[in-house]
Amino acid sequence: MDVDCELSNTTSHELALAIQQEMNNQDHPQPPTLGSMLESMRSGLYEELVQQRRIAADREQSILRELECLIENYGEEALAEDFVDYSATDNLSAVVHALISSLATDQPPTLTTLHNAISNGLCTQLVAVGEIEMDDEHSLITEVNELIQLHGEDTPAELFLR
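So the sequence shown is numbered by this note's numbering: it starts at 17 and just counts up by one.
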């Protein structure tokens, strides 16, 4: 897999997971930089993520190359979190807006609330009014599951709106 070094606001899903893991690691110097991420990946972070089944075992070299490419272009001291795009897709943003509009609560919906709403038919309602396509429900569930994996199930869904 070739890495596009021109992308300054997004990384592979696997690297985003690693960055999030280091951001949540109390033992890691905060905030993680691209250089410290590369060091962590070479010092056991990759193996830890594989054992947790968050990253496939055969992706190590492509993730390391991606980090090296980012370092070549932006330097070791660049903040790792700046290379992760936390936005939802347009379709998921439409679902989040619909969910927020339908709730009569002061509490913002979490990613779990969003997952449950999609699983319980919110997408069907949005298809009926032409907001999203019929085939999008499965990809939206996958996207929400990835956001949950990255950020936790209690994270407010509105944080990912475009």
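Wrong hints could be hidden among the right ones.
The following label-pair restraints were derived from C-beta to C-beta distances [stated by the list, open to error]:
| hint | residue 1 | residue 2 | range |
| --- | --- | --- | --- |
| 1 | Asp43 | Asp98 | 19 to 25 Å |
| 2 | Glu84 | Gln141 | 42 to 48 Å |
| 3 | Gln42 | Ala144 | 44 to 50 Å |
Please keep in mind that the hints were generated in silico from the structure rather than gathered at the bench.
These numbers were taken from a predicted model, which means no experiment stands behind them.
Beta carbons: idealized from backbone N, C-alpha and C, even for Gly.
Hints and how they fare:
Hint check: Asp43 to Asp98, Cβ distance near 22 Å, so the stated range 19 to 25 Å holds. Restraint check, Glu84 to Gln141: a C-beta distance of roughly 46 Å satisfies the suggested window 42 to 48 Å. Evaluation of the 44 to 50 Å hint for Gln42 and Ala144 yields a pass: the beta carbon distance comes to about 47 Å.
Taken one by one, the earlier hints all hold for this structure without exception.
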